[in-house]
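Protein chains: 2
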Amino acid sequence: MKCRKCGEKASVHMRQHKLALCKAHYLEWVPEQTERFIKKYQMFTPDEKILVAVSGGKDSLGLWDILVRLGYQADGLYLGLGIDGGINYSHESQRLSEKFAAQNNLTLHIVDIEKEYGQPIPVLAEISHRGHGKPCAVCGLTKRHEMNRIARDLGYAVLATGHNLDDEAAVLFGNTLNWSSEYLLRQGPVLLESDGLARKVKPLCRFYEREMTAYCVARGIEYIYEECPFAEGSKSIYYKELLNQLETTRPGAKLTFYLRFLEARKSGELFIEKDMVRAHLHPCEKCGQPTSATGLCSFCRTMEKVSSVAAS
Amino acid sequence: MKCRKCGEKASVHMRQHKLALCKAHYLEWVPEQTERFIKKYQMFTPDEKILVAVSGGKDSLGLWDILVRLGYQADGLYLGLGIDGGINYSHESQRLSEKFAAQNNLTLHIVDIEKEYGQPIPVLAEISHRGHGKPCAVCGLTKRHEMNRIARDLGYAVLATGHNLDDEAAVLFGNTLNWSSEYLLRQGPVLLESDGLARKVKPLCRFYEREMTAYCVARGIEYIYEECPFAEGSKSIYYKELLNQLETTRPGAKLTFYLRFLEARKSGELFIEKDMVRAHLHPCEKCGQPTSATGLCSFCRTMEKVSSVAAS
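From first to last, the protein sequence lines stand for chains A and B. Here the working numbering is used: the first residue of the first sequence is 2, the next is one more, and so on. Here the working numbering is used: the first residue of the second sequence is 2, the next is one more, and so on.
Only true hints are included.
DEER-style ranges, computed between Cβ atoms:
#1 B:A232 - A:G132: 37 to 47 angstroms
#2 A:E183 - B:G253: 18 to 28 angstroms
#3 A:H110 - B:R37: 54 to 64 angstroms
#4 A:R37 - B:S181: 23 to 33 angstroms
#5 A:L260 - B:H14: 34 to 44 angstroms
Just so you know, these hints were derived from the structure itself, not from any lab. All C-beta atoms, glycine included, are put in the ideal place defined by N, C-alpha and C.
Using the sequences and the hints given, assemble the complete structure.
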């Protein structure tokens, strides 16, 4: 197969776009497409300060690389979760995130959860008894809270995460199997700012996971190959496998599923307008982030529980 | 495992309901549940005349059996499609439909498509060049048209089809993968009457396919085991397989998918109210059935094409 742009030997073939490109043109194409999505979904402008949530994986490092190359003001935020899982997971992902930042002369903020809250994520999860024996619920809660906190405290207008199409399609698939209105009406590439929370954007939401792998490999970005050791057996991985089956039989099915959903949302021909659920929120008494609970937000309640158990 | 009602050895186990029943109690349970669905979705009342679309398969014969046992006025309609497929498919399904009607002393209307329109379905499909080399599109079009025609001409208020949960979930899955608003906003156990078309109902929409098999076997109903020979490789079979995988991992997933969709439709919290698309319809100049086309409906246009090719 030949590169559509120069006729040289292609190194990446995107069946869903019927497009093959050589390495050099692929490395041009990915940022061009990202720029197109940023504009199409009105994610941010060049004069806004962006905080990229960096995990050391291909998606977040790839995203950071692309945004900087496109000329955006993008700093990184690494959250040290304290996950080992027999593969030194957090340590290794931090090392690679710091290496990328240093090589590219970029600013990386680092928050160590254990230093900040006394315990690493797996212990916080255990003490707080949230999440059915898995730390994922507490991890998600903590990451959201800390990203919002740092963005607010350091004055970033936008929080960018590396969610790719496979991630987004799997979440959509799970929400669709349950027809959960609240989640379906919120899911999308942009979650607007409100109540002092930064806007959240997903500039990679139209790239397949393997496209991001190809990008990082072609660009020579060193990233952590391993998934989080706690992800094994998760619903989202199961949904990804089902969607991959579908994709194998019908190339583009995953992209169509996600894009038609966004179109249907936009058209007004299928879904109601989401009412502003956030209108019912008020600031948490402790951290000030918006919450639907009275008093403390879920995160602060979890941390109070952890402190009281630790003190007893 | 023991029958929940009598403690005897159970012969059917429904994991999604955590319910096991012996043969005798299963044969009571299925009609009871059907009656519950008929009332819940306001399908019809005992004084309405019902036309059951009968194919000779387990679902339609099971449905007819159940409705008659529940005391409803249900006659059958068999459409002779002229499909052989090396297994004498139409002939055998007609024989079994007639046998069931005779054994139970029921009225079965028979329409032979070849006698009515000059050619069997596979030839009509070939001549009309509809459906990408498969007769399924013309077959569906013809069945819908003929069911509507017979119900109208013979004065039936309601058309009942044997679609089971596996059928409905697969259709829903396909429509969801494409987010096709028009279909999603119409799908459900009841399609109300309008423009002279009978109401359409699916009383078995909450039974798994294997539950209908178990019902027919337990009841001793003789039905055609083979699927239509043209169904092989169809999208709907593929979607059924994917949903079965999901069901194996999470018993009840298929039922939840369908029922939560119906709830979301009803709640008004996710979907817009479907606007009455049928308001834009007008009667076909030839057959009088409602159509969005000007002049002839799709069916009559297809048949005109067939006649003109045959005449030339």
